[in-house]
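There are 2 protein chains.
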Amino acid sequence: MRASQFLLSTLKETPADAEVISHQLMLRAGLIRRLASGLYNWTPTGIRVLRKVEHVVRDEMTKAGAMEMLMPVVQPAELWEESGRWEQYGPELARLKDRHGREFCLGPTHEEVITDFVRNEISSYKQLPLSLFQIQTKFRDEIRPRFGVMRSREFIMKDAYSFHATQESLQQTYDTMYQAYSNIFTRLGLNFRAVLADTGSIGGSASHEFHVLAGSGEDDIAFSDSSDFAANVELAEALAVGERSAAAAAMKQIATPGARSVDDVATQLICQPAEIAKTLIVQGTHDEAGQYGFVALVLRGDHTLNELKAEKHPAVHSPLTFATEEEVLSATGANPGSVGPVALTLTVLCDRSADLMSNFYCGANENDHHLASVNWDRDVTATEVVDLRNVEAGDPSPCGLGNIVIKRGIEVGHIFQLGDKYSKALNCSVLNENGKDQVVTMGCYGIGITRVVASAIEQNYDDNGIKWPASLAPFQVAIAPINYHKSEKVAAACDELYQQLTAAGIEVLLMDAEKARLGGILADIELVGITHRVVIGDRGLDAGEIEYRHRHAAENEALSADNLLSELLARVNG
Amino acid sequence: MRASQFLLSTLKETPADAEVISHQLMLRAGLIRRLASGLYNWTPTGIRVLRKVEHVVRDEMTKAGAMEMLMPVVQPAELWEESGRWEQYGPELARLKDRHGREFCLGPTHEEVITDFVRNEISSYKQLPLSLFQIQTKFRDEIRPRFGVMRSREFIMKDAYSFHATQESLQQTYDTMYQAYSNIFTRLGLNFRAVLADTGSIGGSASHEFHVLAGSGEDDIAFSDSSDFAANVELAEALAVGERSAAAAAMKQIATPGARSVDDVATQLICQPAEIAKTLIVQGTHDEAGQYGFVALVLRGDHTLNELKAEKHPAVHSPLTFATEEEVLSATGANPGSVGPVALTLTVLCDRSADLMSNFYCGANENDHHLASVNWDRDVTATEVVDLRNVEAGDPSPCGLGNIVIKRGIEVGHIFQLGDKYSKALNCSVLNENGKDQVVTMGCYGIGITRVVASAIEQNYDDNGIKWPASLAPFQVAIAPINYHKSEKVAAACDELYQQLTAAGIEVLLMDAEKARLGGILADIELVGITHRVVIGDRGLDAGEIEYRHRHAAENEALSADNLLSELLARVNG
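As given, the protein sequences belong to chains A and B, one line each in that order. All letters in the first sequence, in the order written, are residues 3 to 576 by my numbering. All letters in the second sequence, in the order written, are residues 3 to 576 by my numbering.
Just chain A, same shape as in the assembly (with noise of 0.2 angstroms):
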């Protein structure tokens, strides 16, 4: 591409709206235009990158054996009222009536389309497995759209779902897809890790998420330096370090006045943190008339709880409620600041951490004291010890391997056992073996395609714009003129290359147009990232020598002139 005939559309300045960095190079390098909040155009030199990301995601699913096909944006809501999503989907689901009055939704995704077009087109076990996906305009109406296309409400996304006999099978393609999206992260050359997440209010079995590691994530991920564990922070299992130590001096209380905090009391007693157990009142499990009553759950003061876990646990309420102060002093006889386990009369849930402190200090469950050199079992039982906290840099990694590290991370790609969830609701079933009716197990699989493109950004960049991996360039060389229209012998090795380069199937940009100049030219091919790059001059020409520069590199290289076809061709392809 000639860049006289192309539309560039850099810009100097960083836009004010912008807030992340893959936003702004988005905007500066031209690869996106606002047309209203959460809507974006793609520009010619955006697009580029788009169906980079598109073509290797469609490659490695159809090697997954996943066939493509392509539903319509606009969904019934007879179907949504089949699954019972549309009432359950909230304003993010965006409405509308067709000239008849009837009732569509533009899809967010396409779980009851797909199932219903299966249980259309399926009958027998035998057809199954079935694996299809397409790449689809979808629309979420986020509350608040932000970070350009990273959280936009209209985006391109591929979905695919798969549909089993078996549990067996499920697995089997679930496992195949994990490989797929390995494949397709490694491949577009991204720091990815596959993170095993909630199954949460979905359903379902298992779960792994597609986390581009940057330092502007929205998520925290744990994962191991020595393996290829990675887990949600809120997810990760969280070990207990060490052994407990032998009782000392026996328990006595201390008056801690106007202490509420750990760091309030850890500062009057002239102690760590980790010294002291700190207890939380949360409600139990509520009974059917909505009755509850309190469970303790009990920390050490330098970590955190982790609420997730906490509410999993059969005695207590999900979601999550910390009992209000009226209802702490009422249970225990004290304000929040000066609870603890000793005495106590209520469920006590003792994290695995807090189990290994000895000789510790904790609430003393009368108002301004504690308690000092407590000790398990000798002063005080745990109704029982389970997991509660989240896991923490340093921490051994629950995998056995190495110690966790913990990284942002960007979600890109989502894998889902999804179970019978929908199949059920709307009846998609097949002749088993037997002849017999049987609802099929589905798997669903998802990758925001220009969510990518944004994270890529975000995780490859310095002060002069975007440094993409070489799968994700716009283009793959750009050729930087020195005075293309007043060096006829200039213009003539320009021109020469860009057709020797463009014969060998190279995505060239040329850098021709009138009145440029060289830093400008270089600044544009270093904000758009053009991977490799050549100035020619006619200094360069006369010496012999071209210079030459791969985007991620600190310095420049000499090229010989003679050989410079063959020499650029071993930097791209190599």
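Some hints here could point you the wrong way.
Copies of one chain are not kept apart here, so a pair can be met inside one copy or by any two copies together.
Said to hold, decoys possible - In silico DSS-like pairs for lysine-lysine, Cα to Cα no more than 25 angstroms straight-line:
| no. | residue 1 | residue 2 |
| --- | --- | --- |
| 1 | Lys-128 | Lys-14 |
| 2 | Lys-54 | Lys-65 |
| 3 | Lys-438 | Lys-409 |
| 4 | Lys-488 | Lys-314 |
| 5 | Lys-128 | Lys-438 |
| 6 | Lys-438 | Lys-517 |
| 7 | Lys-488 | Lys-128 |
| 8 | Lys-517 | Lys-128 |
| 9 | Lys-517 | Lys-14 |
Derived by calculation from the structure, the hints in this document are not laboratory data.
Position chain B against the provided structure of chain A, taking the given hints into account.
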């Protein structure tokens, strides 16, 4: 692809609700499945065809110098208010509100969005001309969606827009697009015509529709049998043939009791309709207060009035409005069946062919009476001779070469010189050579991608199924085994050929499903329309002869088993 791992989904029965052949065959061959009225899923077979259309369109648009981009489906109402179309567009425009109550529509077309994009990106005439295109999902809430994807509500369109500083530049790009469209439909193997179209209500100066010729088309296309002239029947100029004969007997009045129509008169007077001049009374131009007189339109009795031509005359009210019976009586002194031009005090517009009549019959402006032996000039003078009639098969072509043939066409593409309709409304301007603001001139260029697939079928089918042009077949080669699961020799030969063809980059479907019988296999191959097929069985392998058939051929051919791959490749690539 192995059929055992592919969702072919063919149907034996023709679905009852499919009216046209393309809809029937797209359902039977398993290309599409209905989701709701006017909404279709594209199956794995269907999307293979769709992607081939997209590929050719993308390739030719890029060669024509247009840059691909991507605009959102959901568009803000504000832009449509700027262009005035928020009010003008009827219920075909699907409108919705977001969670904050802001209004949006689903884009039926993207003039507003692209004009907004370009006004923000372009500032100088030096950046023009600029051509941009996208291949994208559109939505039009058709009052009566039908014929499958031929008139669906959601569909895929390639829409391109060009921006210019001068009309000459627009004309140049228009000509380039005309050629690109011709290349596209030629490469797709379709019999098509570029048809001069009405620029009608959209405004603008030039427009061509591209029609695929097929009996089921909705439009009548008039084209020359000896040149590339083609026009919508409504727009084709009608020439008069022959010369006026000399006047003979004197004009006389005769009784035609009860005759109301040309046919009634011809029966009573024992003459041909071509010997009768028929006179139609229509409203003349309205003044500002809505007052109007009447105009008489005179045509040969066997010709039909072209309303579009009539209402374009400055003396005639647009839209064309016929006078009521009472108005005719008051303006002419007779009922409509007895009206004629002689001694009429109205403006008389005479069609070119009616002007060549002599010694003709016409109404006498007295109820139940006609005049015989009427002659122009001698007995009556027309105010003006103009083109008022529809062209007919056999007419001389207005291009001067050959005669008119009329066939039905399906509109699959439209190119249009928009002028400044949108650029003016949205103030899309550039600085011109003199440093002054100048509104740009625009062209737009659409192709209905999904519709092309249906129209290709309307033009190419037989009793057994679809006869795709080779460029569109979902698979190039089908291998039909006899006893794949029983004969190891057959399985080995099929597998080898499958691998060889696949390695050569050919799209193959190996019909390896269990329990498939040859009759059913061949029926599926013909229904789906795979271009080349071979039948591989023990007998043929033993005899060294493999049965081959091209989907468009009436007979089988025998290919040498020893040279099977090369013989097949020669046919596929030849």
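Status of each hint after checking the structure:
Taking the shortest alpha-carbon separations for Lys-128 and Lys-14, only the inter-copy value of 20 angstroms comes in at or below 25 angstroms, while the best intra-copy value is 60 angstroms. Proximity of Lys-54 and Lys-65 under a CA criterion of 25 angstroms is satisfied in both settings, with 17 angstroms inside one chain copy and 20 angstroms between copies. Taking the shortest Cα distances, Lys-438 and Lys-409 never come within 25 angstroms of each other, neither inside one copy (49 angstroms) nor across copies (54 angstroms). With identical chains, the CA atoms of Lys-488 and Lys-314 are never at most 25 angstroms apart, being 73 angstroms at best within one copy and 55 angstroms at best between copies.
Taking the shortest Cα distances, Lys-128 and Lys-438 sit within 25 angstroms of each other inside one copy (13 angstroms), while across copies they are farther apart (71 angstroms). Taking identical chains as interchangeable, the C-alpha atoms of Lys-438 and Lys-517 lie at most 25 angstroms apart only when they sit on different chains, with a minimum of 21 angstroms there against 76 angstroms within one chain. In this homomeric assembly, Lys-488 and Lys-128 come within 25 angstroms of each other (Cα to Cα) only across copies, at 19 angstroms, whereas the closest approach inside a single copy is 70 angstroms. For the homomeric pair Lys-517 and Lys-128, the shortest alpha-carbon distance between copies (12 angstroms) is at most 25 angstroms, but the shortest distance inside one copy (67 angstroms) is not.
Within a single copy, Lys-517 and Lys-14 get their C-alpha atoms as close as 17 angstroms, which meets the 25 angstroms cut-off; across copies the closest is 66 angstroms, which misses it.
In the structure shown, a violation is registered for the earlier hints numbered 3, 4, in ascending order.
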